[in-house]
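Undergrad: Spelled out, the chains give:
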Amino acid sequence: MDFISILSIFVLACFVGYYVVWSVTPALHTPLMAVTNAISSVIIVGALVAAAAAGSLASSWLGLVAVVMASINIFGGFAVTARMLAMYKKKQKS
Amino acid sequence: MEHAVLPAWALLAYLVSGVLFILALRGLSSPASSRRGNRFGMIGMGIAVLTTLATHVPTLAEGGPDTGAMVKILAAIGLGAVIGLTTARKIQMTAMPQLVAAFHSLVGMAAVLVGLAAYFNPGAFGILLLEGGINPDSRMEMGLGIAIGAITFSGSVIAFLKLNGNMGGKPIMLPGRHVLNLGTLVAILGLVAYFTQDEALWIIATITALSFIIGFLLIIPIGGADMPVVVSMLNSYSGWAAAAMGFTLHNTAMVITGALVGSSGAILSYIMCKAMNRSFISVIAGGFGAAPDAGGGEAKEQRPYKRGSAEDAAFLMKEAENVIIIPGYGMAVAQAQHVLREMGDLLKKEGVNVKYAIHPVAGRMPGHMNVLLAEANVPYDEVFELEDIQGEFSQCDVAFVIGANDVVNPAAKTDKSSPIYGMPVFDVDKAKTIMFIKRSMGGVGYSGVDNDVFYMDQTMMLLADAKKMVEDINKALQH
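First to last, the sequence lines map onto chains A and B. Just so we're aligned: 77 in the UniProt record's numbering is position 77 of the first sequence, and the numbers increase by one with no gaps anywhere. Just so we're aligned: 153 in the UniProt record's numbering is position 153 of the second sequence, and the numbers increase by one with no gaps anywhere.
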């Protein structure tokens, strides 16, 4: 993919992000942060590419360490978000 | 240009996971849809990881799969999973800001490591030019990604230490820091530009080192009161770092996610700044949240105030029709959220209409107070944001302020000389009775400003530890 196509995706995604995030209810801003944390760890894709590639020992070890870090974030981020969201309950009809 | 060509299905899979991440955030528009949203996010991540694992199988030089490398990769994922899941299970909800800061630092560091890995093995990332050398476009993206990642890392570490109490919340002001910071930033950008011309190791190493230093320098002068903005800002940075790496890898999932997270953090910073009536620039410049110095209104003469007991408070609230509870972070510090919810339940049994009013900066990060109340089983449809409840104070019999101070200070509306002037505050002075729980008359709020609400005719000061006081009110209510 050339630079311009990827830039187009990026710019459009910024707009999507802008509108989607404004529609998030303020009550869920902490879970929003936790989940954005988890998804920004999609950087694990780069870490996996580096870890799997042959040719540079330094590169694959850097990749492996990054895999551990991103994976802490992915599992921790989604789990803590799920834990928080499970606490939000509606009023019980009495 | 040589390219690590991915099969079309893999490119589509990354697109699908990008879309699932958008849906994950979309789900957060209401608590009801949020859990499904979170599952979309997990599926999206699963797709991205599996696609990468399937398309980048480690191979031996002599051919065939490199099982050793595969085992190492899976072990790395497993190790992260164990650490992540244990932390997520154990963490206290009051410590959520620290946890988020710690997570940000990991994203930042991961971005730095991936950037460096791409530098050492450009062939694996498909960014080698045919005539040799790394593609200059990719060098710029890599340089920026490493710089933003390193700033995110060291900034988040400082934010973590401040939030966790390992480091004082007081701003640390270095002399001439604005010049120093600006100079360093310019140097980093200059080096990134130069890096596109010359791919020597010292350049990328210097960019990395300077960026670690600037992240540290940027956050140490920012005081405790501004931490909600800082955490949101670092959230944004971690997104931009991921996006920059996405450009290097030409990966749509990373670019989409980076843009989403980047905008999300930026919007949250904006909301927090507005809620404190602070400009983003002045937050970055730092210095707020320092110990109050003379002239901040503390040297005023002793003014008369009315003191009430738990029994008085219980009696008045029982007779009330509408009670609005305004919790602040002091409530969480006193661990009073559970007894407070019991108080709400007891009042509801008496036929009182109970609502909770939350200021955007009530906690230590955006939406923190909502989580703390949700944990104490307060139903979310009884919890209201500032603008949704502001009009109701005139029909409110009792405004019950617990652990909050600045967010009900009328000086923000009237006193132009006050440091919190212009900050949106609750109109508690319109309520028939104000009950104010406070440990003693001595201390002042985060901003160090005296509060006229203490001395109003309709105010009843309940001077005690918040948890103890609410427990006593609950006892009195049960009689």
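In case anyone wonders, no lab produced these hints; they're calculated from the structure. Any given hint might turn out to be false.
[As the list claims (entries may be wrong)] Mimicking DSS-like on lysine-lysine, the simulated pairs with C-alpha atoms at most 25 Å apart in a straight line are:
| hint | chain 1 | residue 1 | chain 2 | residue 2 |
| --- | --- | --- | --- | --- |
| 1 | A | 91 | B | 349 |
| 2 | B | 413 | A | 89 |
| 3 | A | 90 | B | 413 |
| 4 | B | 432 | B | 413 |
| 5 | A | 89 | B | 432 |
| 6 | B | 467 | B | 349 |
| 7 | B | 413 | A | 91 |
[Said to hold, decoys possible] Sample of chain A residues at the chain B side, in silico, Cβ under 8 Å:
| hint | residue |
| --- | --- |
| 8 | 4 |
| 9 | 25 |
| 10 | 85 |
[To be verified] If the Cβ cut is set under 10 Å, some of the chain B residues that face chain A in the computed set are:
| hint | residue |
| --- | --- |
| 11 | 458 |
| 12 | 460 |
| 13 | 461 |
Using N, Cα and C, we set each Cβ at its ideal position, and we do this for glycine too.
Undergrad: Now tell me, hint by hint, if it's right for this structure.
TA: The hints, checked one at a time:
Straight-line distance between C-alpha atoms of residue 91 of chain A and residue 349 of chain B comes to about 14 Å, which keeps the hinted pair within the 25 Å bound. Restraint check for residue 413 of chain B and residue 89 of chain A: the C-alpha separation of about 35 Å exceeds 25 Å, so the hint is violated. About 34 Å separates the Cα atoms of residue 90 of chain A and residue 413 of chain B, which puts this hinted pair outside 25 Å; it is violated. A hinted pair counts as satisfied when its Cα atoms are at most 25 Å apart, and residue 432 of chain B with residue 413 of chain B qualifies at roughly 19 Å.
In summary, the hint linking residue 89 of chain A to residue 432 of chain B is not supported, as the alpha carbons are separated by about 31 Å, beyond the 25 Å threshold. For a cut-off of 25 Å, the pair hint linking residue 467 of chain B to residue 349 of chain B stands: about 21 Å separates their Cα positions. With a C-alpha separation of about 34 Å, the suggested pair residue 413 of chain B and residue 91 of chain A falls outside the 25 Å cut-off, and the hint is violated. Below 8 Å, beta-carbon pairs count as interface contacts, and residue 4 of chain A has none with chain B, the closest being about 11 Å; its hint is therefore violated.
Satisfaction of the interface hint for residue 25 of chain A is found here, the shortest Cβ-Cβ separation to chain B being roughly 6 Å, below the 8 Å cut-off. Because the smallest distance between the Cβ of residue 85 of chain A and any Cβ of chain B comes to about 5 Å, under 8 Å, the interface hint for this residue holds. A hinted interface residue such as residue 458 of chain B counts as satisfied when its beta carbon comes closer than 10 Å to some beta carbon of chain A; here the least separation is about 29 Å, so the hint is violated. This hint is violated: residue 460 of chain B has a C-beta 28 Å from the nearest C-beta of chain A, more than the 10 Å allowed.
Using the Cβ-Cβ criterion of 10 Å, the hint placing residue 461 of chain B at the interface with chain A is not satisfied: the shortest such distance is roughly 30 Å.
Violation of the numbered hints given earlier is confined to hints 2, 3, 5, 7, 8, 11, 12 and 13; the remaining hints are satisfied by the structure.
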